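Produce the complete structure using the sequences and hints provided.
Chains as they are written, first to last, in our numbering: chain U, 2 to 430; chain Y, 3 to 568; chain R, 490 to 618.
Worth flagging that the hints you see were computed from the coordinates, not collected in a lab. Model, not experiment: these values are computed from the prediction. It is possible that part of the hints are untrue.
Computed beta-carbon distance windows for the label pairs [claimed, not checked]:
hint, chain 1, residue 1, chain 2, residue 2, range
1, R, Pro596, U, Arg231, 36 to 44 Å
2, R, Gly561, U, Thr36, 25 to 33 Å
3, U, Val192, R, His580, 44 to 52 Å
Beta carbons: idealized from backbone N, C-alpha and C, even for Gly.
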Amino acid sequence: MKVEDVVCPFCGCLCDDLVVEVENNRVTSVENGCTLANEKLMEDHRLKNPIRRERGSWKDVSYDAAIQETAEILLDADRPLLYGWSGTHGEAQSVGVHLAELLGAVIDNTSTVCHGPSILAIQEVGHPGCTLGQVKNRADVIVYWGANPIDAHPRHMSRYTTYADGFFVKDAFKERKVIVIDVRKTESSAVANEFVKVDQGGDYAVLSALRAIVRGKGDLIPVKVAGVTREQLFRVADICKNAKFGAIFFGLGLTMSPGKNKNIRNAIELTEELNRHTKFTISPMRGHWNVYGSNEVFTWISGYPYAVDFARGIAFYNPGETTSVDILRRGECDACLVVASDPGAHFPRACAEHLARIPTVQIDPHVNATTHLATLQIPVAVTGIDAEGTAYRMDGVPIRTRKLYEGTYPSDLEILGKIYARVKEAKGS
Amino acid sequence: MTGLLVKNAYVIDPLSGVNGEIMDIAIRDGKIVEEVGSGAVVIDAGGCLTLPGGIDSHSHVCGTKVNFGRYMSPEDMRAGRTARKGVMHVTSGYSVPTTFGNSYRYSSMGYTTVLEGAMAPLEARHTHEEFTATPHQDMLANTLFDGNWSIMEAVRDKDVKRAAAVVAWTLAAVKGFAIKLTNPGGTEAWGWGEDVHSIRDEVPHFGVTPAEIIETMIQANELLNLPHSVHIHCNNLGVPGNYQTTLDTIGLAPDLNRERQSLYLTHVQFHSYGGSTWKDICSKSEEVARAVNARPQVAIDMGQIMFGRTTTMTADGPMEFKLYMLHHNKWSNHDVELETGSGIIPVYYSRKSLVNCVMWAIGLELALLTKNPWQCMLATDNPNGAPFVKYPEIIALLMSRKLREYEMKAIDPRTEHFVPLFAIDRELDWYEIAVMTRAAQAKALGITRIGKGHLAPGAEADIAIYPLKPDELDPAVDYQQVMAGFAKTSYTIKRGRVVARDGEVIVEGANSTIWTRAEVPPEFDLNKDPEFVKKFEQYYTVRMRNYPVQDIYLPRGVSIRTEASL
Amino acid sequence: MRFVLNTGRTIRQGSYVERKNSPVYREEAASLHMDRVDMLDLEIEEGSHVRVKSDQGAVVMVARPADGLVRGEVFVCLGPYANFLVNPETHGTGMPDFKTTVVTIEPTTDPVPTVRELMEQCGGVGYEG
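Laid out in structure tokens, this is it:
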């Protein structure tokens, strides 16, 4: 069976033009997808059933027993942490937030180790952005800063920027200038019109230099700023000022390196500065296909995009304190529910060690690094393959993922709904 | 169902011609009925003011930009928070509360229906997700067409029917309620960092003017027989001297509909400025109200501002940038491909700012100078002028000259030289307030036909009982009681069920989303129009098949079907 | 020798992100990319095992020459190998310094651990699924 206009549940590009062939509850071919999409959709390695760690070895358990035990673990905890969420659909995320509310838990999503600092910067200075089609149809200058789309968002350039023809930009490859700014050469920098190589940790200084030039204070600029020559800085500033429509896309090269949220703030303020001359927008390259959805859902229910602590009854938010890495680093939580992510692989080792010390339940279709740390894992359907639901693209456009076949696994929503019901019943509310 | 009986109610139901009669209201199966049996649950209203459920005809509560207002403002989230209690979820936020926060606060003020003022079609799914999480109000979405490329192409080709077809297709696809034009043409110009400055300016690249867009859309709206009229946020919002643009826009409105206005102008306070700079800004409410009084084919809402902190959010991207240049506070912008824009900045309206004082006066003047209350609705463009929780204060100001004079002493003393407010004696009465907070909205939105805004048998049993005894109160003097009374109902009844008591929500809600489906002849069905389909696939970044909002997003959708006259 | 460890995505890491216990994932996630001259200085070749140490601990990886890096900088794709070395301090931001971990590198003949073994070192119990 052929399914068209399939939505890819891998990265924040959320491409929705895939054509897949489905046979016997498996995807057998994928058209239009990138390597990441093909690998994800043609997967064949799910965890078969719930598993439970018992005295140093693993046993199969029933869904019902696993759900019951999860509810008990959460109810028994004084300070549970509910982490992950970016790899599932919005409806499941919504149950997650209500579960956290009911338990007085901390709920956090993968932004915490991704674009969390971007959110902090946006909360300081705002965010002049746009949908990706605005870039495709209008932009004549693209800047990728601390981002390597060819590896992380493989179709970003062909769908939205470098190679994407649009209404006002009929021949994108010729009419569009692409600037890549990074601390290392990448596949992406290789296709840029201008590559700006910044010294490790020098992004803040380079952003400040560009702001100064755009503001007309270019005479302050020394011969070199963090490894970038004065000439190149002026050239880049000039390209940006003369753009009809410019778009900056930034990645973890800014959020994770020294300066973090202050780098992003500086980049946003550069964008604002450029708006006094022309049209400029800035957008984070969101990683997971639905990490932005987790921010949206958390926000409309609790008021905050991530790191929400319900321990006091109200929603409390203080990144640096209520963020997962900090809570685990301090050894503070006494139970953890991991949904649709892999902190075992993606958090610093000290955090993984704490996850191994406490009851950790993972709801995830696959065996991953966290599996080995967990006490219980419940496999679920993969949203976009055998489950469906809402996802928010990196630019905030909501798209409903498709279910490609009726599988045998329950969805995240079903499992979380049952856990919620049991917790609610036990709480008598 | 045994039913519900509200006894001894002091009822004002303007659409039914009831003004202050002590009555009983019988309810069964969510509707008002002639009578119920003796087994009915009885609520004794004790002679208290009983009105149809409140209707907000212009508010920003759900969707992409509203949620971004929350996302970027932890300081606002901290400024209003409540813990989980009974059936009530945690809430956060003062000017941009979380969805449950909005819903509970509206409900305890007796509001049962709210129209979201601006939904970008491409992001409609988001609005509908938040509607579902706003459980105590029936929700409707104004759908943005101000920078819609297909519309502007139809306008350029002088093809009204084509414009109507685009509207019909879009409303059906995104489950929208009505046509919204926010700074028509200006949001497209903002795609290049530009704006339009009068209704006769040309939109870059498209060769059309705001006036042509507005006129075409008014015609298209009536061709589709939509329940509401075109709902416009005029060009030049917030610009000194903009009243001329507003008058020009009012001048475009023909009288095409016997049931309601042909053009709804929203937050007109922001569009009634004289002067040429922030230094000489003055009120032009008299000129604007005169134009409204002379033309029954237009209706407006106040767009009242109230002093204090709030968040501005609008599809009018260029206006927010101008505001940012003024305030230098944080600024967000979000342009939506082929459709519209948006912007957000937090503001503080200060009694010490002459400009803010003039703005404050203008909103009140519009309400007091518009002779017919059916033509001027009470709203703050929530949260742009003020969060909706300020409505009770606004009601009190409109009902009491004494309160206005009291306020005058607290504001910039120069204000009176720039505004006529303090020369106006009019004090609105209970009936006029009832009109301006529900009945006029129901009529203007065209939803009386589905039982909204009135209490006649057959109507939806959406009722607000306020702890106010009109016979025992003089609102001109007892303004404190008026404020307190409108802030918290004794009972809010939604579809026949008591949902809030004394300011607390007591049941889980189950709202409806009301949208419009205009049936068009097959030759106007754009799903089968190769040109439309081709352009869609070329220029949008989502596939046409993934664009429409699926039915699952409207668990209790109510569609108003119309037959287009094409 | 002292280096600054940078991390980031690679297409291969992304392709195998849901098969973290596969040999290909291990090969990718345990690849330490570095400048060729630095490799000469360390007297190692492509494929040599190296012990990479930070203030958090040590892990054995496989050295690979890379063109895009300057001397003194090394790159490992994000994952459990790099994270074995990353300090959990977030300086009040919630975000660890994933891109600037100071490490020392020395040749070794020790084997490269599996993801499972790494997690067992963290106190977990390996699942053979």
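Worksheet item: In ascending order, which of the hints set out earlier in this document are inconsistent with the structure?
Response: 3
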